[in-house]
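My request is simple: use the sequences and hints to build the entire structure.
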Amino acid sequence: MKVLALALNTSREAIRNKVMYSILLFAAVLTAVSAAFGAASLGDTLRFVKDFSFFSISLFGVITTVVLGVNLLSKELGRRTIFNILSKPVARWEFLVGKFLGLLATVVSMLAVMALALVGLLFALEGQMDWQVLPVVGTMMLELAVLSAAAIFFSSIVVTPALAGLFTAATFIAGRSAGELTYFAGPEQPPVLRAIARGLSAVLPHLDQLYVADRLSHGQSLPVSFYAIATAYAGAYVAVLLLLSVVIFRRREFV
Amino acid sequence: MAVPLLALVDLTKWFRSNWTFRRIPALDRVSLAIEAGEVFGLIGHNGAGKTTTFKLLAGLLRPSAGEIRLDGRPLRWQDPRQGIGFSPEQPYFYEYLTVRETLTLYARLYGMTAADRRQRIAAVTAQLRIERKLDARMRTLSKGTLQRVAVAQAILPRPRVVILDEPMSGLDPSGRKEMRDLILSTKADGTTVLFSSHILSDAELLCDRVAVLASGRLRDVVDLRAPTTEPTGYTLVLRDVPAPVLEALGRVAGAPPVGAAAGGPGRWSVVLPDRGAVLAALTALNGSTEAIEALVPQRPSLEQRFLRSVGAGDEDPDP
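These protein sequences, in sequence, are chains A and B. Each residue of the first sequence is one higher than the last, beginning at 1 in our numbering. Each residue of the second sequence is one higher than the last, beginning at 256 in our numbering.
Heads up, some of the hints might be wrong.
What the hints assert, rightly or not - Cross-link-like lysine to aspartate or glutamate pairs, in silico, EDC-like; alpha carbons within 20 Å at most:
| id | chain 1 | residue 1 | chain 2 | residue 2 |
| --- | --- | --- | --- | --- |
| 1 | A | K18 | B | E350 |
| 2 | A | K75 | B | E350 |
| 3 | A | K75 | B | D326 |
| 4 | B | K398 | B | E386 |
| 5 | B | K398 | B | D444 |
| 6 | A | K2 | B | D334 |
| 7 | A | K75 | A | E253 |
| 8 | A | K2 | B | E386 |
| 9 | B | K442 | B | E293 |
| 10 | B | K442 | B | E290 |
| 11 | B | K398 | B | E344 |
| 12 | B | K442 | B | D326 |
| 13 | A | K75 | B | D444 |
| 14 | B | K432 | B | D444 |
| 15 | B | K432 | B | D463 |
| 16 | B | K432 | B | E344 |
| 17 | B | K388 | B | D444 |
| 18 | B | K398 | B | D326 |
| 19 | B | K388 | B | D326 |
| 20 | B | K442 | B | D475 |
| 21 | A | K2 | B | E356 |
Think of the hints as simulated: they come from the structure by calculation, not from any bench.
This is how it looks when you write it as structure tokens:
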């Protein structure tokens, strides 16, 4: 109940933030431009439109998550609105989980709007519904859930939103490149490099595994078990990050 | 002996400086017992430790030593503050929410049911005369209205203790009067009120007891309900007294009478140190009691006691 009230308030704040609408508008414009370029391209128009649109949706999803995520706690602290929240019978974990769920709901809603716009665009180009969009955007949502938790985690450690944003963006880039670590963990590499690569591989979120747009737009299909495992993996990663955030945030004082 | 509703036991808080990690004391072994149903004031200069005390009570700061007890049971700093309403010094709200949304959010955080929320929001906003502002965005409100919303959210769940940090801050005279009435009506409802103020006359008008803080230390607790102990002196005001009588009165008082500031010429006042001196002065008047205009016992005002406790001019910088 309290968690939901906090989540609702977080979403409301984001929705009433005009920056959100600017990002959505920009994403829509970019998708429209991709359609125009696609029509003029020599190759497979549809694949071009899909690739470009998936890239746009992912990019704007990540930007929104990082910008909103790292500002969630710093705004509360900077404007001291947190005084009125934590002086109520609200546990620290309820506050953080509420913030996370509110952010996630906002990002998921935004992705859903962009996905619907893409489905509409593809329907106009193909003359039929293209349901391939759904699993792609679904796994993007899982990726953004992990990134949202990372933003909350870094915000609970560092004070400035810029630093938290830097760490969250770095986590995204490293997570998307996590697959490359298998090369450095190979037997031909020096033992120290191998140990570092294995350590990083164990700690970093494997976001590369959650981004399936390339595979699906190239006609590859993925089994249901993949989505189940991906959901479980993202859920576990989010749970660990939120747990660590709560442990750190519980010790925080508000001067 | 009855257990106080709220007790501070050797409550201590120090902060660490950023670079040297030196301890900066903000509150030093403060012990207070606040009884149920009383209005208790905290007074002191800036940096005396009033806001630190309230933040410790609200669970926003962790005590460095000592403890807080609610109903005799220790209240750890991370325990949810059930039964305590808190209004911080500056009203901090989400600007994008309306007054109704703000109060609904806080009511939900208090765990109130939908029906209770509606009923209490209507009652509290009517009590604070902000019912017409319910659909206004917080960012559009004046400081006085924000202060009222801050108090509204603190009393919303009918808490047992309501903590108001400088509730008169930013209010005009009529707003201050309304706030005073609100505090008294909150007390009449059976709620214990703990508030801080720089304005001693407000504290004197409202409080049952007042604690004087200076440099993080408790200097005095003044019980304003009980008549003060013996007067510190008596002021005798006289009119048209012959010169020899004035001289005699001067000898009794140890200082010659002075012309009273108000009331025109021929009016004199003399300060007598005790009851014995009063009797001696009456004897010196030799039965001409028609010359007496007033005999006023002098008791120390809260301001005098405050200044005596903290030492005049002992103003501390903010920590």
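Here is what the structure says about each hint:
1. A:K18 x B:E350: 14 Å, holds
2. A:K75 x B:E350: 12 Å, holds
3. A:K75 x B:D326: With a Cα-Cα distance of about 35 Å, the restraint between A:K75 and B:D326 is violated, given a limit of 20 Å.
4. B:K398 x B:E386: 16 Å, holds
5. B:K398 x B:D444: Violated - the C-alpha atoms of B:D444 and B:K398 are around 26 Å apart, more than 20 Å.
6. A:K2 x B:D334: 16 Å, holds
7. A:K75 x A:E253: Status holds; Cα separation ~16 Å.
8. A:K2 x B:E386: Violated: A:K2 and B:E386 sit about 25 Å apart, past 20 Å.
9. B:K442 x B:E293: Cα-Cα ~7 Å, so holds.
10. B:K442 x B:E290: 12 Å, holds
11. B:K398 x B:E344: Between B:K398 and B:E344 the Cα gap is close to 12 Å, so the pair holds against 20 Å.
12. B:K442 x B:D326: 18 Å, holds
13. A:K75 x B:D444: 36 Å, violated
14. B:K432 x B:D444: Holds, because 18 Å separates the two Cα atoms, which is no more than 20 Å.
15. B:K432 x B:D463: Distance ~18 Å between B:K432 and B:D463 Cα, so the pair holds.
16. B:K432 x B:E344: Given that 20 Å is the threshold and the Cα spacing comes to 18 Å, the pair holds.
17. B:K388 x B:D444: Cα-Cα ~25 Å, so violated.
18. B:K398 x B:D326: 35 Å, violated
19. B:K388 x B:D326: At roughly 37 Å apart (the allowed maximum being 20 Å), B:D326 and B:K388 break the hint.
20. B:K442 x B:D475: 23 Å, violated
21. A:K2 x B:E356: 15 Å, holds
Hint compliance for this structure: hints 3, 5, 8, 13, 17, 18, 19, 20 are broken, all remaining hints hold.
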